[in-house]
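J.: One-letter residues, chain by chain:
Protein chains: 2
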Amino acid sequence: MTDPEPSGVRMPDSTVEADLAGYRREGLIDPPATRDTEPHDGSGRVEMTFLPAERSVRVPPGVTVFDGASWNGIAIDSTCGGHGTCKKCKVQILSGAVPVGRLDARAFTPDQLRDGWRLACIAQATQNLRVHVPPLVTRPKAATVGVGRQVILRPAVQKRYVELDEPTLSDQRTDLARLTDAIDDLELQADLHALRRLPKVLREADYKVTAVVVDEMLIDVEAGDTTARQFGIAFDLGTTTVVATLLDLTTGTPVAVRSMLNRQQPFGGDVITRISATMMDPTALDRLGTAAHETLAELSAEVCAEGEVDPAEVYEIALAGNATMTALALGIDPEPLGVAPFVMTCATPPVVLASALGVSVHPGARAALFPALGAYVGGDIVAGILATGMDRDKRLRLFIDVGTNCEIVLGDGERILSTAAPAGPAFEGGAIRCGMRAAEGAIEVVKLGEDVELGVIGDTTPMGICGSGLVDVVAELVKIGLVDGTGRFVQDNEAKAAAPALADRLTMIGKERVFVLYRPDPTADPADSVYLSQRDIRELQFAKAAIATGWSLLLEEFGVEPRDVQQVLLAGSFGSYLSPAAAVRIGLVPRLPVLRIVSAGNVAGEGAKMALLSLRERAGAAALLEEVRYVELSDRSDFNDKFVDQLSFPT
Amino acid sequence: MTDPEPSGVRMPDSTVEADLAGYRREGLIDPPATRDTEPHDGSGRVEMTFLPAERSVRVPPGVTVFDGASWNGIAIDSTCGGHGTCKKCKVQILSGAVPVGRLDARAFTPDQLRDGWRLACIAQATQNLRVHVPPLVTRPKAATVGVGRQVILRPAVQKRYVELDEPTLSDQRTDLARLTDAIDDLELQADLHALRRLPKVLREADYKVTAVVVDEMLIDVEAGDTTARQFGIAFDLGTTTVVATLLDLTTGTPVAVRSMLNRQQPFGGDVITRISATMMDPTALDRLGTAAHETLAELSAEVCAEGEVDPAEVYEIALAGNATMTALALGIDPEPLGVAPFVMTCATPPVVLASALGVSVHPGARAALFPALGAYVGGDIVAGILATGMDRDKRLRLFIDVGTNCEIVLGDGERILSTAAPAGPAFEGGAIRCGMRAAEGAIEVVKLGEDVELGVIGDTTPMGICGSGLVDVVAELVKIGLVDGTGRFVQDNEAKAAAPALADRLTMIGKERVFVLYRPDPTADPADSVYLSQRDIRELQFAKAAIATGWSLLLEEFGVEPRDVQQVLLAGSFGSYLSPAAAVRIGLVPRLPVLRIVSAGNVAGEGAKMALLSLRERAGAAALLEEVRYVELSDRSDFNDKFVDQLSFPT
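As given, the protein sequences belong to chains A and B, one line each in that order.
First residue of the first sequence? That's 1 in the working numbering, and the numbers climb one at a time after it.
First residue of the second sequence? That's 1 in the working numbering, and the numbers climb one at a time after it.
Hints were generated in silico from the structure; no laboratory data involved.
Keep in mind that the hints are not guaranteed to be accurate.
Said to hold, decoys possible - The calculated label-pair distances, taken between Cβ atoms and stated as ranges, are: (1) B:Pro363 x A:Leu103: 44 to 50 Å; (2) A:Arg55 x B:Arg55: 35 to 41 Å; (3) A:Leu103 x B:Ala301: 53 to 59 Å; (4) A:Glu216 x B:Pro562: 45 to 51 Å.
As the list claims (entries may be wrong) - Residues on chain B that point at chain A, a partial pick, calculated with CB under 8 Å: (5) Gln172; (6) Leu330; (7) Glu335; (8) Val343; (9) Ser634.
Glycine included, C-beta positions come from ideal geometry on N, C-alpha and C.
Turn these sequences into a full structure, and let the hints steer you where they fit.
T.: Now the structure itself:
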């Protein structure tokens, strides 16, 4: 079974009406009840069987395949959360008929429709169905490391080996006092688990034991000298990608790194769709929490296996995530984050055990969660500020984490301002006709000269465009003059004059002008190619204008000019793969020499690692809550004016 | 079905051999396999069915009825924990035969044996059995209140009603900051449960909410003004009896009090048998913990029901228990408490949630557990010291909690000494021929004059003697001259001279001299009566000598004479019912005017209540760890000499 090209092939609007009429004639719409169907058993339920898992679920007739799957923990790709907008939830109906909907006609070729391909979010089951679910891309290309700083190794976790005197009738000190008297530089308390272990371990090990301490809490005693074995896991809990790094806390070195797609993905690609899910479905908060916990648990197990570390040797975890991810992982209702006035439940998360986040490591291991500056400048950004030293570097620096929500920080080591700009899904390939995530087959680099030169993830046949490819192609089109400063494709004659070798790639699909990036063969229908449409450019313009408005308002607030910025840090998975030259060219960042634009990588993950390795850095993160001022953009009367100013491309 | 008299009727040793021969002839020993039996099914298991519960369990052949029952949570009375010494585990075999054992012949009359009565701890099941289990006395006579002090009402639990401004884009403080800013006299932190509730409750209640705070932890927010409703439960977790008091924390008044037998009872009557159980059976620690939790849970439910309080309105519990009870409730191995050098795991228990002790109240409710001074001077005594003001009263006072383990405290408001004396089970009716707990049918008061005057619990037919009755009868016998200063029954001629009206009650059962207290009718066999034997007097002498050695060593350590003591406080359930005059007469307490001897009642429970009502008192309890010096008796070379000195009765 071959999956259709995930995102590359789309039907333009103009052809849809004619096609629908044709499909009706073919019986693909309103199919006869007898065709290919297994009638349902009349009990008020129909059965959906999902392949390849071979899992069956029974649902009321009319439930969509997407809901049936996601209620039962079967992940179907989606960035919109099942609302018919992202067109990523493609499944193949193997038996049982589902009529072709209007959105299906846009999303699939006629052959695909005949083969049973449908969008799961609109495919209602009125009879028993067998459904093939393409595997989710669970390992997208992601930055797992980033710009960090050397820290002084002083983890919260400490092990102390002690040899104690045995008790006698003249020395009846309690087991705990005997131990803590030997570690008198710490004011130790003990948790219940440690107290349960203490009497047995002390006596079995002839009073030669290793105390396991986190902060000043004794969480365990181990027989003999185990001081060489102490580990922690740093998590970057991203909306899209989750990265886990297993650290050896005796040396500060990473032992294993793994990343995977956040299992919350089926609820939607960005925080807003996930928050909406909790508002519409009372069970969603629990299910999102469980999905986050499963993601963290799977990664923990993987890094421990890879590093040959017993999970019980992991005594602390640190986690950086945005405010919504943190709330969901803690089971805190995120609704107030999603609606004005965008309020967090708390800035500093409570101290919880790792087990409360679903992570099975040492039972006494606690989770150090990063605090957040605002509903849209969360713990991941605090971690990024920490990692990049925004609070200590004396240069004027601008930190931009590009994503659906774009976080922007400006600082000079004295003052720090932060804000968030709603960039929308363009950079994640959402709302872009041939857009896709940065996975195998995505065009991520584009050079336009005598010909089109494409960099494709996995060096394979292009299937779509990811965010960095989108920025690249638009920047190149502006550079060679096929797109003007307002973002419009130029007329054909202007195109021929500006770039004769590429002008014929400017063509029409339906009523829309497009630039074809990749065509399987010269005779193929343009609609079967990977292309950039006029509307795609508009989407990018809106996204970059939101970001540019953000940093320009921060610069104004700071009383400095764009040219004063000495360094721009592009953070996050997407920022890391963005071409600095292209970012400057489209105006996503201030117009600065390219060398001042730096890809910072996964700075949230770096911050989480630093917190695990150094109590001082952790205290630094907490101090940022006081040091960083949050500027709310949606409150600014001048936002719209600035936004319009930023829509055009610099020329 | 009538139960046999629980403890009143015992067969003296001399008759046992003859009887066993008789039972063998009757077929009660080595019964033919066909008699009254249900053959077991050959699968290597036999079935025991317990009535009246009608619960069946399948066990390997040879398992005792006691073990089969206690493994399955069916409580059979026992103070020795199933080791054949207390003879309290009487059951009736209704079908299936169990041969009469040597201990059975001592414990039951021939008619009872023929009716199938056996001791459960020696009754091995070799075939299927139906077993009647007499109901446990789950509500023994117990002091639920005691000597306490008025305290300044300042509980750890506080409720604050606040009306908050709604957030706006220009006031995006977090929900938590909005709340804590309004309660700025406290440095509030919030637990995860409270944070999960906060966003919803704030918005649903239009920002008019009541914050529930324990210490400085926000554990909940409630819609509207609920400040009038705040409760706590104080527990006295005794080895024998558990008492729960529901307190209204707004007024400091008790709302409901309940007590019941500790469900750990089937594991043995005193702390040593329970510790032994954990040493011999790896599952016992868990099972003892569960039994304690069930006891606390049942009492909580009862006091809440009686007080018409929703368990969710109980925001804190306080618990006073001895070191073993506290360890078992927390799941901490008590073994080191039971063997020299008698070491505790910790003196101050960790902070745990009430739910960790099995108590279902508010999910954020924590348990304040009393710290302990030593393995045998536990949190119950610290609570008692607190309640009786031993740390502040300027008089020289002696505090004695009489029990299997007897705790003794001596103080003058400046210095405080404490110790523990191993008194053994005599005061709980253990090892006393006609001994029984202070339950219905127990002789608790004895006056000897022209006749025998008995006070019987429940004003019913006497069935045995409880601890206070034992002290009374021995004191009276000494007083009237039927027992001499060495503890021996006087010769018959001396008896006739000393107490002509009572001398004929001095008689023989088997080879042992006894004093008959109650005989069903004048013609009845003395063995069917309730009596005091020479050996019983010896048991009491050992018990009181241990206690007297304890306080005399403390007085010596303090540098004072017994006559300097200005008040003696008799604490605990047993101490409360003890006659001060009798206690003086047998030398259990120093020879002082009777008015200086005071029954203090359940001072452990009073201390627990004070801790719940006053943070200051709770801090006072913690301070006692530094203020009270523990004196270990088993370390004293002069213990044995002193002990022998104290064996005789004062004359």
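J.: All hints, please: hold or fail.
T.: Hints and how they fare:
1. B:Pro363 x A:Leu103: 44 to 50 Å: At roughly 45 Å between Cβ atoms, Leu103 (chain A) and Pro363 (chain B) fall inside 44 to 50 Å, so the hint holds.
2. A:Arg55 x B:Arg55: 35 to 41 Å: holds (40 Å)
3. A:Leu103 x B:Ala301: 53 to 59 Å: Because 56 Å falls inside the window, the suggested range holds.
4. A:Glu216 x B:Pro562: 45 to 51 Å: holds (47 Å)
5. Gln172: holds (6 Å)
6. Leu330: holds (6 Å)
7. Glu335: Given a least distance of 7 Å, the restraint on Glu335 (chain B) holds.
8. Val343: holds (5 Å)
9. Ser634: Interface hint status for Ser634 (chain B): holds (6 Å vs cutoff 8 Å).
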